[in-house]
Structures are given as C-alpha cells and as structure tokens.
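Engineer: Line by line, the protein sequences give chains A and B. First residue of the first sequence? That's 1 in the working numbering, and the numbers climb one at a time after it. First residue of the second sequence? That's 1 in the working numbering, and the numbers climb one at a time after it.
No lab work stands behind these hints, which were simulated from the structure alone. For each residue, glycine too, the CB sits at the ideal point set by N, CA and C. It cannot be assumed that every hint is accurate.
Unchecked claim - Reference excerpt, derived from the structure (chain B facing chain A, CB under 7 Å, subset only):
#: 1; residue: M9
#: 2; residue: F31
#: 3; residue: G46
#: 4; residue: L47
#: 5; residue: Y52
#: 6; residue: M91
#: 7; residue: H98
#: 8; residue: A99
As the list claims (entries may be wrong) - Listed next, the in silico SDA-like pairs over lysine to any residue satisfying Cα-Cα at most 25 Å (straight line):
#: 9; chain 1: A; residue 1: K35; chain 2: A; residue 2: L82
#: 10; chain 1: A; residue 1: K42; chain 2: B; residue 2: T59
#: 11; chain 1: B; residue 1: K57; chain 2: A; residue 2: L82
#: 12; chain 1: B; residue 1: K22; chain 2: B; residue 2: T38
Spelled out from the first residue to the last, the chains are:
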Amino acid sequence: MARTDIKYLNNNAVDKRPKKYCRFKKMRIEYIDYKDGEFLKKFINEQGKLLPRRITGNSLKFQRKVSVAVKKARQMSILPYLGDLLK
Amino acid sequence: MSAQHYEVMVIFTPILSAEEFKAATTGLSNFVTSNGGTIIAEDTWGLKSLAYPIQKKTTGLYFVMEYSTETSINHKFEIQMNRDESIMRHMITALDKHAVAYNDRKRKGIKVQPIIKRATNGETLNSEA
C-alpha cells in the first residue's frame, strides 16, 4: 500500500486505484442465473440491498440483469429482502 | 405458435412426506407433457431453509424444472399451481438462448474459462462463458 505519511507535492501517484471494469463483459458472461445466491451476494450489501453501479463497476446492461436476478432470488427466498446476512 | 423455453421453480410446504413430494413433482411434469410440452430437465433441491419465513414456515422443498411448451400453456399451469395448497410459492421464468445455453453447460459441468484471445476472424478460441 502506498505510504500515507509522506506528503507529495502532487500526489497523483499516491492513491491511484485500478480502473473498474465490467466483469460480465470481460468474462463474456451473458446470463445471470437467479438460482445461485452465492454469486448474487457479491452485488448486495450487508442489509441485502443492491449495490450501485459505481461500486460494482458493472455496465448498465448487466447491472439491470443483476437487479432482475436479485429480485427473482428474493421472490423465491434464496436471498433475503432485508437481513443481517453475515458475509 | 412457437415453443418457448421456460423454467419453473416451485417451493412446497415442508410437511410433505417424500412420496407426496415425489407425487407432486411428477404431477407437475405430467401436466406439461400432457399439454404437448417437453421436459428438458428436472432438478429437485429438496429441503432447504428459506431466507425469510413463508406462511410461518422457515424451510421449504425446492423443485426446479426446465421445459419448452407453447406460450398459451403457462396460463393454465399458473392456475393449476395457484389452486394447489401444497405449493407455497412458484415462479415461471422465460429463458432466452443465453439462459438455455447456460443451463446446458451447468448440467454438463463444463468449467467456464474467460476468453483471453480471439482468432483473427473474430471467432472465439475456447468455450464461451
């Protein structure tokens, strides 16, 4: 991790974070299955709410597919609507 | 009308015994076949704990079935499932071609690798995710 105690004149290099990418485009995944809860858990936070795109880094097309899949999983009680799921 | 691919997921009440559960699932598949549909795959997950209580019960018997029928059959299927008290919850989802391919791969247990390189003519080298 970059050392935070040193203060650079222009600290553009200090907190350079990796470019976000859409995992579905990179992995060529086309269908998001609502049945496997483990994979969908990556896209919801501790209270079971859907994470926004700026955090998951998904493209718009796949963020919508993820939200549809999560809502179906909630309907079939694979994922809780609200819960303190210990991730 | 063209036959579409569908997938139904049903949650039965956990008080069903093994034979009743078996009879109920075969009843569902018979309904589809008798109406001119074809069953592609059946998958019984059995007793699973629910994420939240449904009808005061915390566990349910899960059953997933993939089939392809005419589009008009599903309406009758829904009515029949609504009438059945042993079914707590059901959901029919339409499957597009990617979903059907995904389910086939999952059944065959093909490991999914990300595609690193594409051939010059744009055709993918190894299996598609």
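Engineer: Can you name, in rising order, the numbers of the hints this structure does not satisfy?
Structural biologist: The structure breaks hints 2, 3, 4; every other hint is satisfied.
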